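**Student:** Sequence:
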Amino acid sequence: MRYALSLRFCQEIAAMDVSLLKCKIHRARVTECHLDYEGSCAIDEDLMEAAGLHEFEEIHIWNVNNGARFTTYAIRGERGSGMISINGSAARMAEINDFVIIAAFARVPEAQARAHQPRLVYINGSEGNRIVGVGQQIPAQAA
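Counted from 1, the sequence shown has number 72 at position 72 by this note's numbering; the numbering is strictly sequential.
Possibly wrong hints are sitting among the right ones.
Derived EDC-like pairs: lysine to aspartate or glutamate, alpha-carbon spacing no greater than 16 angstroms straight-line [to be verified]:
#1 Lys22 with Glu55
#2 Lys22 with Glu58
#3 Lys22 with Glu78
#4 Lys22 with Glu110
#5 Lys22 with Glu49
No wet-lab data here; the hints were simulated from the structure. This structure is a prediction, so every number in the text was calculated from the model and none was measured.
Assemble the whole structure, with the sequences as input and the hints as a guide.
**Tutor:** This is the structure in structure tokens:
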């Protein structure tokens with residue numbers, strides 16, 4: 001009986017999904033805020049493609065300047081523009097020139113979780129939100 005419970009528990013764990021970081025755009029600078037726009041965050045298409053973000057995908061935005069954290073969805077901004085436009089009610093959570101981290105998460109089967117690697121896009125927000133690097137590993141934080 002004890003073995004049967006352990007086997008069942010292992011099977012349940014193996015069938016679970018975990019939510020892991022899919023991608024992030026790190027330290028982009030907000031270029032526009034539009035309170036009266038319908039909602040969303042418009043992101044330069046080049047940045048979306050580099051991160052692997054889809055239009056209308058749920059995104060989390062973390063404002064480095066004021067600590068605000070909010071959820072919205074991505075829409076395409078003009079390619080090559082460096083646009084990061086916070087729209088709708090979320091425009092109250094950021095100001096032009098704030099630095100933000102934009103992240104998306106994905107459900108991954110437990111069995112594949114250890115092999116999962118996020119797509120990390122590093123931005124120079126001081127120079128028009130240009131990509132300065134793309135990677136898949138976040139360095140371990142040292143004490």
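**Student:** All hints are to be evaluated individually against the structure, with a verdict given for each.
**Tutor:** Each hint, compared with the structure:
1. Lys22 with Glu55: Holds, at about 15 angstroms.
2. Lys22 with Glu58: Holds, at about 11 angstroms.
3. Lys22 with Glu78: Violated: Lys22 and Glu78 sit about 23 angstroms apart, past 16 angstroms.
4. Lys22 with Glu110: Within the cut-off at roughly 15 angstroms; holds.
5. Lys22 with Glu49: With a Cα-Cα distance of about 13 angstroms, the restraint between Lys22 and Glu49 holds, given a limit of 16 angstroms.
The earlier numbered hint that this structure contradicts is number 3, and it is the only one.
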